[in-house]
Amino acid sequence: ETGVTQSPTHLIKTRGQQVTLRCSSQSGHNTVSWYQQALGQGPQFIFQYYREEENGRGNFPPRFSGLQFPNYSSELNVNALELDDSALYLCASSSNLAGQETQYFGPGTRLLVL
Amino acid sequence: AQSVTQLGSHVSVSEGALVLLRCNYSSSVPPYLFWYVQYPNQGLQLLLKYTSAATLVKGINGFEAEFKKSETSFHLTKPSAHMSDAAEYFCAVSPLTGNQFYFGTGTSLTVIP
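Protein sequences appear in the order of chains A and B.
Sequential numbering from 1 applies to the first sequence in my numbering.
Sequential numbering from 1001 applies to the second sequence in my numbering.
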């Protein structure tokens, strides 16, 4: 049991819509990272939040945005959905920004864009 | 820039046979390295990680990996495959600071009874 939870588990949207995915980090963790995992691919880093501030971003357009709250839970928002946004979205938490810290993953939210 | 390459997108082994999953990293400075396993419709679970303390790292479920700087490799092994090992395996690299993981494309392991 990793302690990281995500909601919803599944979501179906149509092209052009907006979506918000939620993540609760493991107790005591102040760092949250989001990943997109397309079918048959490895997770791709979207961005990371540390103590409510964005701390790095992968190669994703600005319509992917996020928030981290004082309790260190987090949201991923995607605007103007495209068909290629269909994927498993994974949230991971860790206890700090040190490179050797393990990231603990949630079960993911599977998004289908029609 | 950090990156990892996993050679072999699909590996099949017989039950009881040696498991070898390959991972090579690209970095000017030896990074931190991780192996994760993903079962169908689940998130990722940590198997083991290299953090420069010891080059041979033992993980859960009988898996181990050896960091070889000269070969820029961090291959995952298990002496004897079990049916329950069938899953997707991902190698990931993290820079020395920042805790931002970069994953390989994964290797799907099939165990044949």
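Since the hints were derived computationally from the structure, they do not count as laboratory data.
Incorrect hints may have been included.
[Said to hold, decoys possible] From the derived model, a few chain B residues whose C-beta atoms are all more than 10 Å from chain A: (1) Val1011; (2) Ser1026; (3) Leu1044; (4) Gln1045; (5) Lys1049; (6) Pro1079; (7) Thr1110; (8) Pro1113.
[As the list claims (entries may be wrong)] Computed footprint of chain A on chain B; a stretch qualifies when at least three of its residues, placed anywhere within it, have a C-beta under 8 Å from a C-beta of chain A: (9) 1031-1040; (10) 1097-1107.
[To be verified] Over 10 Å on every C-beta distance to chain A, these chain B residues come out as not near it, computed from the model: (11) Ser1012; (12) Leu1056; (13) Ile1060; (14) Glu1066; (15) Lys1068; (16) Ser1070; (17) Ser1073; (18) His1075; (19) His1082.
Note that CB positions come from ideal geometry on N, CA and C, so glycine has one too.
Just double-check Lys1049 (chain B) for me: nearest Cβ-Cβ distance to chain A has to come out over 10 Å.
-> 6 Å, violated
When you look at the beta carbon of Ile1060 (chain B), is every beta carbon of chain A farther off than 10 Å?
-> 12 Å, holds
Taking the shortest Cβ-to-Cβ distance between Ser1073 (chain B) and chain A, state whether it exceeds 10 Å.
-> About 17 Å separates Ser1073 (chain B) from the closest Cβ of chain A, which puts it past 10 Å; holds.
Non-interface claim for Glu1066 (chain B), where every Cβ of chain A lies beyond 10 Å = 17 Å, holds
Non-interface claim for His1082 (chain B) versus chain A (Cβ beyond 10 Å) | Holds: least Cβ distance 22 Å, greater than 10 Å.
Least C-beta distance between Lys1068 (chain B) and chain A, which was stated to exceed 10 Å = Fine: 18 Å to the nearest Cβ keeps Lys1068 (chain B) off the interface.
Go check the region 1097-1107 of chain B versus chain A for me, would you? Three or more residues, Cβ under 8 Å, otherwise it fails.
-> holds (count 10)
Compute the least Cβ-Cβ separation between Ser1012 (chain B) and chain A, then decide whether it is above 10 Å.
-> 17 Å, holds
Separation of Val1011 (chain B) from chain A, once the least beta-carbon distance is taken, above 10 Å = The claim stands: Val1011 (chain B) keeps its Cβ more than 10 Å from every Cβ of chain A (closest is about 15 Å).
Checking the smallest CB distance to chain A, is Pro1079 (chain B) really beyond 10 Å?
-> 24 Å, holds
Report holds or violated for chain A covering the region 1031-1040 of chain B, Cβ cut-off 8 Å, minimum 3 residues.
-> Three-residue rule met by the region 1031-1040 of chain B, so holds; n is 4.
With 10 Å as the threshold, tell me whether Pro1113 (chain B) passes as away from chain A on beta-carbon distances.
-> 25 Å, holds
Violated hints, in rising order: 3, 4 and 5; the structure is consistent with all others.
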